[in-house]
Amino acid sequence: MNSLILRATSRLILPAALIFSVYVLLRGHNNPGGGFIGGLIAAAGIAVHALPRGHDGLAALLRASPKAYIGAGLAFAILSGLPALFLAEPFLTHRWFFPGLGIGTTLVFDVGVYLVVIGAVLTFLSYYLEG
Amino acid sequence: MILLALVAFAFISALLVGWAGGRSSPFVAVIPFILFASFCVLLPQVAGGGIVLEAHRWIPSLGIEAAFRLDGLSLTFALLISGIGGAVFLYASAYLRGAPRLARFYVALTLFMASMLGAVLADDLVLLVVFWELTSLTSFLLIGYAPEQAESRRSAQQGFLVTVAGGLAMLAGVILLGSVAGTFSITEILDRGEVIAAHPLSSAIIALLAAGAFAKSAQAPLHSWLANAMVAPTPVSAYLHSATMVKLGVYLLARFDPVFSDHALWIALLIGFGAATMLAGSVLAMRETDLKRVLAYSTIVSLGTLTMLIGIPGELAAVAVVAFLIVHALYKACLFLVAGIIDHETGTRDSSALGGMRRFMPITAAVALLGGLSMAGLPPFIGFAAKELVYETGLAASVGWVLVAVALIANAAMVVVAGVVAIRCFAGAPTVTPRKPHDPGFAMLAGPIVLAALGLLFGLAPWLVGDGLIVPAASAIAGRPVAYSPSLWHGFTPMLALSVLTLALGVFAYLRWDGLRSTLASIRQIDRWGPDRGYDHAMNGLQRLALWQTGLIQPGSMRVYVGRMLAVIALAAGATLLLRGGFAMPSFADSFAPDLALVLLLVVAVLAVARARNFVTGIVAAGMVGFIVALVYLFQGAPDLAFTQFSVEALAIVIFLAIVGRLPFREEDYRTRPERLRDMGVAAGTGVAATLVFLSVLSQPFDSRLSDYFRQTSVPEAHGHNLVNVILVDFRALDTLGEIAVLGLAAIAAAAVITGLRRRAKEGRP
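Chains A and B are the protein sequences, given in the same order. Just so it is clear: in the first sequence, position 42 is 42 by the numbering used here, and no numbers are missing. Just so it is clear: in the second sequence, position 120 is 120 by the numbering used here, and no numbers are missing.
Among the hints, erroneous ones may be present.
[What the hints assert, rightly or not] Just so you have them, the derived chain A footprint on chain B, three or more residues with Cβ under 8 Å:
| # | stretch |
| --- | --- |
| 1 | 627–635 |
| 2 | 723–731 |
| 3 | 734–743 |
[Unchecked claim] Label pairs and their calculated CB-CB ranges:
| # | chain 1 | residue 1 | chain 2 | residue 2 | range |
| --- | --- | --- | --- | --- | --- |
| 4 | B | Ala750 | A | Thr9 | 25 to 35 Å |
| 5 | A | Ile78 | B | Val507 | 55 to 65 Å |
| 6 | B | Thr576 | A | Thr9 | 44 to 54 Å |
| 7 | A | Thr9 | B | Leu579 | 46 to 56 Å |
| 8 | B | Leu578 | A | Ala64 | 53 to 63 Å |
| 9 | A | Ile78 | B | Asp527 | 26 to 36 Å |
| 10 | B | Leu734 | A | Ser3 | 20 to 30 Å |
| 11 | B | Arg580 | A | Ser3 | 51 to 61 Å |
| 12 | B | Ala750 | A | Ala64 | 35 to 45 Å |
[Said to hold, decoys possible] Interface residues of chain A toward chain B, partial, derived using beta-carbon atoms under 8 Å:
| # | residue |
| --- | --- |
| 13 | His29 |
| 14 | Leu51 |
| 15 | Pro52 |
| 16 | His55 |
| 17 | Ile70 |
| 18 | Ala88 |
| 19 | Trp96 |
| 20 | Val113 |
| 21 | Ala120 |
It is worth saying that the hints were derived from the structure and are not from the lab. Note that this is a predicted model, so its numbers are computed, not measured. Glycine included, every Cβ here is placed at the ideal spot set by N, Cα and C.
Could you put together the complete structure from these sequences and hints?
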């Protein structure tokens with residue numbers, strides 16, 4: 001998969017995909033988008049970047065095992081539910097910092113979803129590239 | 001608030017202990033000691049028979065509360081868990097100095113301690129089950145401390161499977177109990193014990209709860225996991241597998257003893273299995289030379305004793321349970337830690353290769369002697385008082401002479417084990433050991449010294465534990481206030497005669513230990529027909545079943561098993577429609593022109609897939625189908641779904657791009673004509689069945705209750721306009737959490753499978 005064309009274009013695709021994925025993640029509350037779609041877009045961008053560069057290229061880009069992204073994502077999702085427990089409400093009852101803007105613990109939860117999706121796709125990819 | 005705060009503190013401190021433990025700092029022991037001190041402060045509130053209750057909202061829709069209860073029984077356990085925890089943490093900081101993966105080890109150990117505290121303090125059945133399973137999980141991580149060793153992995157898995165299978169039985173029992181009682185609150189269940197015991201389902205509840213407790217507390221025939229768990233580092237063996245976790249089953253039985261104590265099945269199960277476990281453990285302990293395994297089997301004997309004592313009705317039995325529980329935790333943790341010191345300092349823990357160690361490690365020898373004398377049940381140690389109580393309870397029971405005979409054998413075995421661990425290694429002529437032995441430092445000696453000293457102190461001054469702990473705890477087990485004043489000396493009684501007989505029998509067996517051990521160890525039938533081998537057979541059977549089933553459904557050709565899957569779907573859906581007569585045609589009145597144009601495009605794309613003669617064409621054509629379906633979503637007013645579909649299609653093409661280079665790439669379709677016809681049949685059948693099902697679904701009137709609800713509440717309650725996302729992250733956030741957890745686990749599991757396949761390919765195996 002080490003083609004020059006892919007190598008060159010992926011340099012443009014990766015930042016575009018990452019920025020777009022974050023935009024999709026953030027707008028998800030009121031418009032089509034959200035953590036799941038954002039995660040897929042980011043994963044696709046990273047995959048395009050990693051394909052010509054192999055396993056080492058992916059590792060260098062991520063700086064951590066893709067499995068760590070899964071763990072971090074789950075931690076974010078669980079953490080977002082904890083504030084409710086301290087206010088004597090059921091787990092994952094979301095709190096709002098700026099209700100008008102839709103900013104609250106839901107965003108933390110969605111970031112968790114985003115990271116898990118990236119981590120899951122890239123875990124497959126990284127083991128595939130290793131062989 | 002105090003109980004929730006203590007449990008939460010224990011959980012949160014895991015990170016701190018992990019950080020300190022990674023540096024082998026003795027500071028790790030501070031957290032358990034803080035907890036121990038806190039429980040000591042609560043002691044006066046409970047000593048007079050008081051109960052501390054508190055409840056917090058948790059899952060109100062299911063009637064489940066985060067409720068906690070501190071009475072004599074739970075306080076006894078909490079003190080043992082935190083106190084022995086402190087000794088073990090301190091010991092571990094020296095014992096495991098420089099070992100790998102220490103931070104993870106201490107995090108798991110602290111989480112275990114927190115789960116244990118949660119389990120014994122829980123006043124809600126569901127909460128109890130949650131903490132119970134957490135102890136199994138952390139035990140799995142701790143037994144499997146050295147995952148590179150096959151033995152360690154097997155033992156961790158065995159312990160986990162046995163205790164979790166028991167936990168599932170217990171969960172079933174808890175659900176039954178909850179529905180019979182109409183509440184999950186343990187306090188309320190204890191209040192209406194007579195109604196529950198008289199309920200027709202009570203036998204089922206007892207059998208299920210007992211199954212869970214027996215698995216956790218290693219009752220025969222489920223005992224072998226405990227002996228195998230000795231591959232764990234010694235601090236883990238001392239803490240989890242002798243002093244605390246294995247007592248959780250005993251705790252469960254003791255907790256519900258007031259409800260079922262007069263039920264015939266309860267009495268029969270507990271006394272029967274308890275006595276059988278005592279005998280099995282006694283015989284098995286005599287066959288071993290490994291100090292830790294000898295101690296493990298003697299722990300099994302003690303767990304059997306506790307189970308049997310709980311099964312015997314009456315207040316005396318309740319007192320005996322608590323006394324024996326405390327005594328056993330003290331001396332067994334002490335002796336385990338001593339065995340660890342011997343192992344650590346000499347490089348071996350094979351008792352047949354050890355002798356004369358008192359010259360090199362005099363302090364350890366003295367501590368071992370104190371612990372051993374308490375275990376052997378000699379005065380003035382508290383072990384003596386506990387043993388007298390066991391005999392007294394047995395003599396008063398209805399089938400007393402049988403129980404006394406069993407207890408006599410078990411206690412004589414205890415004398416032998418105490419001799420092997422505490423005297424044999426230290427007496428006689430010194431042997432040559434792999435390492436040059438000497439007494440360890442303060443951190444490793446402090447715990448055993450305190451534990452051994454307490455065994456002596458409580459024996460000389462039994463009132464120290466009597467009024468504050470034993471009486472309130474025994475009252476909780478009996479379900480009514482118990483009057484008892486502990487004393488060491490009872491005068492010349494039948495119990496004293498039995499004690500002398502026990503000692504004589506034990507010393508006799510100890511002096512002939514070498515011959516006895518080799519005779520018993522040479523009985524191969526115990527290994528061949530024992531439950532440990534049975535476990536292997538069960539696991540092999542399970543794997544063979546999985547292999548057979550996988551071979552049946554997934555013979556290794558993607559095309560074949562996708563074909564079979566689709567055929568099953570087509571046949572099942574088609575047959576259901578045909579037999580149940582559900583087929584109906586919707587009206588196409590409100591379809592509009594753009595849809596029809598898309599349908600035409602879709603038909604073209606589908607034909608292109610069908611006509612494709614190589615992979616690349618097929619993939620591109622299938623991608624087209626996906627994109628057109630996404631367009632359909634878009635036109636039907638589901639932009640979110642369309643967006644997701646677009647992303648998935650794009651990602652799928654990237655992944656195909658990566659894979660296609662490695663597939664056998666052939667220009668032409670290599671299937672024979674009959675194969676192609678068969679595939680066509682499957683594809684057409686699936687398509688027709690799916691079409692018919694969707695037509696029938698669309699002909700039904702649309703139920704808009706849910707979508708109306710979400711449309712109305714989305715903005716006022718969740719401050720979001722995107723319904724799909726609001727449902728995902730807010731209304732059904734718990735479902736989403738479960739889904740992403742599954743997604744992550746699936747990725748990790750797939751990675752593990754790929755690694756395994758690759759290793760096989762490298763080693764040239766099929």
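To see whether the hints hold, each was checked on the structure:
1. Requiring three or more residues with a Cβ within less than 8 Å of a Cβ of chain A, the coverage given for the stretch 627–635 of chain B is violated, as only 0 such residues are present.
2. Judged by the Cβ-Cβ criterion of 8 Å, the stretch 723–731 of chain B is covered by chain A as claimed, because 6 of its residues qualify and three suffice.
3. Chain A is given as covering the stretch 734–743 of chain B, and this holds because 6 residues of the stretch bring a CB closer than 8 Å to a CB of that chain, at least three being needed.
4. Here the CB-CB span from Ala750(B) to Thr9(A) is close to 29 Å, well matched to the stated 25 to 35 Å.
5. In this structure, Ile78(A) and Val507(B) meet the distance hint of 55 to 65 Å, their C-beta atoms being roughly 57 Å apart.
6. Thr576(B) and Thr9(A) have their C-beta atoms about 49 Å apart, which keeps the hinted 44 to 54 Å range intact.
7. Taking 46 to 56 Å as the suggested C-beta distance range, the pair Thr9(A) and Leu579(B) conforms, at roughly 55 Å.
8. For the pair Leu578(B) and Ala64(A), the beta carbons lie near 54 Å from each other, so the given range of 53 to 63 Å is met.
9. A hinted range of 26 to 36 Å for the beta carbons of Ile78(A) and Asp527(B) is inconsistent with their spacing of about 45 Å.
10. Between Leu734(B) and Ser3(A) the beta carbons are some 45 Å apart, a value that contradicts the proposed interval 20 to 30 Å.
11. For Arg580(B) and Ser3(A), the hinted distance range of 51 to 61 Å is satisfied, since their beta carbons lie about 54 Å from each other.
12. Against the hinted window of 35 to 45 Å, the Cβ-Cβ separation of Ala750(B) and Ala64(A) comes to about 19 Å, which falls outside the hint.
13. Given the 8 Å rule on beta carbons, the hint for His29(A) holds: about 4 Å separates it from the nearest Cβ of chain B.
14. Nearest Cβ of chain B to the Cβ of Leu51(A): about 5 Å, under the 8 Å cut. The hint holds.
15. Annotation: interface hint on Pro52(A) violated; nearest CB of chain B at approximately 10 Å, more than 8 Å.
16. Using the Cβ-Cβ criterion of 8 Å, the hint placing His55(A) at the interface with chain B is not satisfied: the shortest such distance is roughly 12 Å.
17. Interface hint at Ile70(A): satisfied, since its Cβ lies 4 Å from the closest Cβ of chain B, which is below the 8 Å cut-off.
18. The closest approach between the C-beta of Ala88(A) and any C-beta of chain B is roughly 5 Å, which is under the 8 Å cut-off, so the hint is satisfied.
19. For Trp96(A), the interface hint holds, since its Cβ comes within 8 Å of a Cβ in chain B; the closest pair sits about 6 Å apart.
20. Checking Val113(A) against chain B by beta carbon gives a least distance of about 6 Å; that is within 8 Å, so the hint holds.
21. Taking 8 Å as the C-beta contact cut-off toward chain B, the hint placing Ala120(A) at the interface holds, the least distance being around 4 Å.
The earlier numbered hints that this structure contradicts are 1, 9, 10, 12, 15 and 16.
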